[in-house]
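Protein chains: 2
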Amino acid sequence: MNILVLGGDGFLGSYIVENLVRTGHEVTVFDRFPFGVTRNLEHLHGNIRLFSGEFANREDISKAMEGQEVVYHCISATNPASSWNDPFIEIDENVRHSIQFFEIVAQKVRKCKVVYLSSGGTVYGRHEGLINEGTVPKPFSPYGIGKLTIEHFLNYYQHNERLTADIYRIGNAFGPRQPMHCPQGVIAKWMDSILNGKELLVYGDSMTVRDYIYVNDIARIVSQSVDRLANSGTYNVGSGYGISITELLETFQRVVDHPFTHRLLPRREFDNVSVVLDISRLLGQCPEFIFSDFQEKLSETWNYVKQKKGETI
Amino acid sequence: MNILVLGGDGFLGSYIVENLVRTGHEVTVFDRFPFGVTRNLEHLHGNIRLFSGEFANREDISKAMEGQEVVYHCISATNPASSWNDPFIEIDENVRHSIQFFEIVAQKVRKCKVVYLSSGGTVYGRHEGLINEGTVPKPFSPYGIGKLTIEHFLNYYQHNERLTADIYRIGNAFGPRQPMHCPQGVIAKWMDSILNGKELLVYGDSMTVRDYIYVNDIARIVSQSVDRLANSGTYNVGSGYGISITELLETFQRVVDHPFTHRLLPRREFDNVSVVLDISRLLGQCPEFIFSDFQEKLSETWNYVKQKKGETI
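Chains as they are written, first to last, in our numbering: chain A, 816 to 1128; chain B, 816 to 1128.
Among the hints, a few may not be true.
Since the list gives no way to pick one copy over another, a pair counts as held whenever it fits inside one copy or between any two copies.
Distance condition first, Cα-Cα at most 27 Å in a straight line; then the derived DSS-like pairs of lysine-lysine [to be verified]:
#1 K878 <-> K1124
#2 K1121 <-> K1013
#3 K953 <-> K923
#4 K1124 <-> K1013
#5 K878 <-> K923
#6 K1013 <-> K1123
#7 K1124 <-> K1004
No lab work stands behind these hints: they were computed from the structure.
Given these sequences and hints, build the entire structure.
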């Protein structure tokens, strides 16, 4: 199948590309490739087509979409922290350009499935306990509002019957290749601090709970959308259980073979308290799916970042 | 109290202005007033301050907001039909300018209450039975998506504690002064058709149900926000019961003293099927509120439009 992955050279995008290539698809990766250099896909050169373009550019998207049967949308110009004081970026970059992209798909492509990577950690806002897809979304950050608005517009474009869509509301992804200097992704950030001899900043308390999911588990799950071309759906994607920030710290103490110190700090205003996603609907689609072991993957991620650090020294 | 009404010369806005003036407030009406002419407020000249400005213009809004304690936001550049094929208008006009307005309020005003007129008929999307504020919103038109996105951004700006906000999700408003050539407002449109000897276009069937509410009932309800400055809330505003399009036609046959014919047509894609708002939360705020009689107000509206038509002949 011909598949386009927007933002396919990014953290999650690159795992999706890997899975799609492994299962025999013709994958085009749409991203910024200055001088043809990829960040995360060197090992796939020769097996993928690279399309260097700007998400904002209507012509780039139109051209890249030619002949595609499925398109994954993994592009975001922001994260919850960066959007906090600039809601306009959310509208002008993420929402507006996503609508433009959906419009191109709806108008120009004969028949296509769109897969949108949304955010289970931000679209629901503050809720206690397990959150399912029928929970009323109350996003409180511009980032979460933007993601939800994009979901709504993707649903709107389905009135055009040439378009089907899967929306995945994803928990806290982690794993090798996660950007380490970004305010999103506490695991990558803590590992970066440890490698640089800095104190770990622990925002929140034992009430601060997240649903961590290994990045390749996400990629394996969302890759299955290509097997359901005629259907549309919205799915939570998480591990189904919560880990508190204090439990995360304890797991770090078991896994990490470097000494480190930490400092407890109050929750930031853009941080959610608890996010644990009910994944019953997802498991209905893939009942056989086996999730990776959290501690094992945390350990693998640590070994990866240590090795990377070693390479750059 | 000093109160600003954005779009206060419009259909609903003008009734809100009337109610606020009647209860002794200092009201500034922000709207487009070419040559100082108002559309709906001639009878209040001398009792209100007119501010002619553009909602898109940051300086106009900043200036109009000076010294205001409450601001009503009744501006929309679109309606469900006009937004249907142009989602960008929704983002560029309604969403973006509303965020800009909220930002001005949050940054420049010492303490302010914002009252936003949202849409009970479009933010929820397709649901059966009574819809309450805890129903998961699934807007399917760009208009409804825009309204909901604006609600979310208004909630976001409340993290700035200088801002409180009431959001009113309103059913189908009707009454004198409703624009008659606009695709929104079936009652006004049908009356216009009758007066012009045209066939009534009846989109939908006996399943097409709406929650009609007399415009001054809405204005009386939302005017009460000025008595709850410290609180924020989201409220459905409807009559609490549904009237099918065929029942509406029968009421027209009883009330209207002109002959007319009608044509049954299929539901349009931007039309919802059934909208009946659960108003329990609203009644909790104003348990003594007495709603107007539907048939009586329909008759009054008919007499008003007949008289207006007579004046222009």
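Consistency of the hints with the structure:
1. K878 <-> K1124: neither (38 Å within a copy, 55 Å between copies)
2. K1121 <-> K1013: Within one copy, since 15 Å is at most 27 Å while 78 Å is not.
3. K953 <-> K923: For K953 and K923, only the inter-copy Cα distance (26 Å) is at most 27 Å; the intra-copy one is 34 Å.
4. K1124 <-> K1013: within (15 Å within a copy, 77 Å between copies)
5. K878 <-> K923: Classified as within: same-chain Cα gap 10 Å, cross-chain 45 Å, threshold 27 Å.
6. K1013 <-> K1123: within (18 Å within a copy, 76 Å between copies)
7. K1124 <-> K1004: within (14 Å within a copy, 70 Å between copies)
Figure legend: structure checked against the earlier numbered hints; the only hint not met is number 1.
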